[in-house]
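Enquirer: Here is what each chain is made of, one letter per residue.
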Amino acid sequence: MNEINNNGELGIKTPRDYFSTVNFYGRIWMLSALSLFIAVPAFVSIYYDAWPNLNEFFVGFIGIAPTFWVVAIIEMFTYIPMLGIGGSYLGFVTGNLTNLKVPCAINAMTAAKVEAGTEEGDVISTIAIAVSSIVTTLIITFGCFMLFWIRPVLEAPILAPAFANILPALFGALGVVMISRGWKIAVAPIVFMLVLFMLIPGLASAVGILVPAGVVVAVVAARLMYKKGWL
Amino acid sequence: MREFDVNSPLIYVVAAVIVVFVFSQSVFFLIKAWKQAQNMGMEKSMLRRIATSSAVFTIAPAIAILLGVLTLSNALGLPTPWMRLNTLGSVTYELPAAEMAATATGNSLSERITDARVYTTILWVMTLGIIPSLFLAPFLMRKIHSGVVSVGAKDKKWGEIFMTALFLGMISAFLGMIFSRIGEGLTGWIPVFVMLCSAIIMTALGILYKKGKIAWLENYALPLSMISAMALSIPITRAIG
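These protein sequences, in sequence, are chains F and G.
Residues in the first sequence are numbered consecutively from 1, following this note's numbering.
Residues in the second sequence are numbered consecutively from 1001, following this note's numbering.
The following block holds chain F by itself, in its conformation from the complex (with noise of 0.2 Å):
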């Protein structure tokens, strides 16, 4: 991968050039969207002269808010680091970021040959998290428009298995893909979740929630082994 100083000579665009632009964009495009999202609700109440009765709202918010906001918050910590700054710009306003966009990236960034954290490793993880949303959307949109053909083979009972099972087919391979990396830092967390959720089962519900606990866990094994020199 050629290096690019950071001096800006000859007119090669830096990496600094390139992180203050995209966090430029990516600002006015998440707060943007921000104004857009909460205008749809708005707007449809104003339209239709219907405004939610507020104990309701409360109601359905409070048993939702609570939960939801801190895996948001959590996931920010979480994933910022892994899919850079423009990666995570466009993956926090399209959504779907465990199921989908992170495996996505990291796909793409050990494809590329690219650690995460460095110039590269945003600009692939950008790539790819854009490509998926593009075809993402595209699929939706496409299956929205024809689900009077296409309903009956999506829910057919014979590929019922197939989607049931799509987490598990995508992080059995992914597995292989990170533990190759690193199995002694894979040991601990991996070690901690199974007898978490074997003696647990009902936690599966709140996976988003376990994934910074399965987080602390790892670096801290990661920091210890480090320092012991085992790593």
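Note that these hints are calculated values from the structure, not bench results.
Just so we're clear, the structure is a prediction, and the values are computed from it rather than from any experiment.
Among the hints, erroneous ones may be present.
Here are the simulated DSS-like pairs of lysine-lysine, each with C-alpha atoms no more than 30 Å apart in a straight line [said to hold, decoys possible]: (1) F:K113 - G:K1143; (2) G:K1035 - F:K113; (3) F:K228 - G:K1211; (4) G:K1157 - G:K1143; (5) F:K227 - G:K1044; (6) G:K1032 - G:K1044; (7) G:K1213 - F:K113; (8) G:K1156 - G:K1032; (9) G:K1157 - G:K1210; (10) G:K1157 - G:K1211; (11) F:K184 - G:K1213; (12) F:K184 - F:K113; (13) G:K1044 - F:K184; (14) F:K184 - G:K1211; (15) F:K228 - G:K1213; (16) F:K113 - G:K1032; (17) F:K227 - G:K1213; (18) F:K113 - G:K1157; (19) G:K1211 - F:K227; (20) G:K1044 - G:K1211; (21) G:K1032 - F:K184; (22) F:K113 - G:K1156.
Following the hints, position chain G against chain F.
Expert: Positioned in the frame of chain F, the structure of chain G alone reads:
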């Protein structure tokens, strides 16, 4: 009050605006990153391979997301889940959020929502229930990213180990989750068997592209393993279930 329908043209237009916005953002970032990659000296052919591999990788999960759209469309019509599942959360968020809001209004997602007030309550809860990343990320992005860069700058080897630990921490949670149903008997092991199939196929493809020097296979090994394991889950489920 105007007559309300979850599949009204107005809701389609609103949803289309959001979908076009998100699509435009993806195209914008793709162009920016692609140009930067070329400025950094990355080969066009490699970038094309990465883009194609990412597109292939996305197909199966995107179809699963489409199934989520179908599930929600029974109660909310088509445009709302079309819009919602192109943005922010995922099925694992949108479904419980909509269900929680519907229940709070004394309704259920098992039947079509016909009351505009119930619909807007659901829409407000779904929107605000996952909003923090949108207003916090613009202010925290550079700080979090700089923190990670500084870890690598101080000690390169530890920086690499730290990143690997982050990824493995995330994956460990999902690998653990796959074992959560083994207490249910043999059927609870189906996800474990599917995971093992995927891992074995990935290992075999890895050996094949390394020993056989089949470079293109490296880009498609992960989506191939995933789709093959999904296909194998059908006979596995039949044999066990």
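Enquirer: Now tell me, hint by hint, if it's right for this structure.
Expert: Hints, verified against the model:
The hinted pair formed by F:K113 and G:K1143 meets the criterion: a straight-line CA distance of about 26 Å does not exceed 30 Å. For a cut-off of 30 Å, the pair hint linking G:K1035 to F:K113 stands: about 19 Å separates their Cα positions. At most 30 Å may separate the alpha-carbon atoms for a hinted pair to count; F:K228 and G:K1211 exceed this at roughly 34 Å. The hinted pair formed by G:K1157 and G:K1143 meets the criterion: a straight-line CA distance of about 22 Å does not exceed 30 Å.
For the given pair, F:K227 sits about 41 Å from G:K1044 by alpha-carbon distance, which is inconsistent with the 30 Å threshold. This hinted pair checks out: G:K1032 and G:K1044 have alpha carbons roughly 14 Å apart, not beyond 30 Å. At most 30 Å may separate the alpha-carbon atoms for a hinted pair to count; G:K1213 and F:K113 meet this at roughly 16 Å. Taking the CA atoms of G:K1156 and G:K1032, the gap is about 28 Å. The hint holds against a cut of 30 Å.
Our distance criterion of 30 Å between C-alpha atoms is met by G:K1157 and G:K1210, whose separation comes to about 25 Å. Between the alpha carbons of G:K1157 and G:K1211 the distance comes to roughly 28 Å, so the proposed pair stays at or under 30 Å and holds. Pair hint F:K184 plus G:K1213 holds up; C-alpha atoms about 27 Å apart against a cutoff of 30 Å. Annotation: proposed proximity of F:K184 to F:K113 holds, straight-line Cα distance about 21 Å (limit 30 Å).
Simply put, G:K1044 and F:K184 have alpha-carbon atoms about 36 Å apart, too far for the 30 Å limit, and the pair is violated. Between the alpha carbons of F:K184 and G:K1211 the distance comes to roughly 24 Å, so the proposed pair stays at or under 30 Å and holds. A threshold of 30 Å between alpha carbons decides the hint, and for F:K228 with G:K1213 the separation of about 37 Å lies outside it, so the pair is violated. Of the supplied pair hints, the one linking F:K113 and G:K1032 holds, its CA atoms being roughly 21 Å apart against a limit of 30 Å.
Of the supplied pair hints, the one linking F:K227 and G:K1213 is violated, its CA atoms being roughly 37 Å apart against a limit of 30 Å. Taking the CA atoms of F:K113 and G:K1157, the gap is about 16 Å. The hint holds against a cut of 30 Å. Restraint check for G:K1211 and F:K227: the C-alpha separation of about 35 Å exceeds 30 Å, so the hint is violated. For the hint pairing G:K1044 with G:K1211, the CA-to-CA distance comes to about 26 Å; that is within 30 Å, so the pair holds.
Restraint check for G:K1032 and F:K184: not satisfied, since their Cα atoms lie roughly 37 Å apart, outside the 30 Å limit. Distance check on the hinted pair: F:K113 and G:K1156 sit about 16 Å apart at the alpha-carbon level, within 30 Å; holds.
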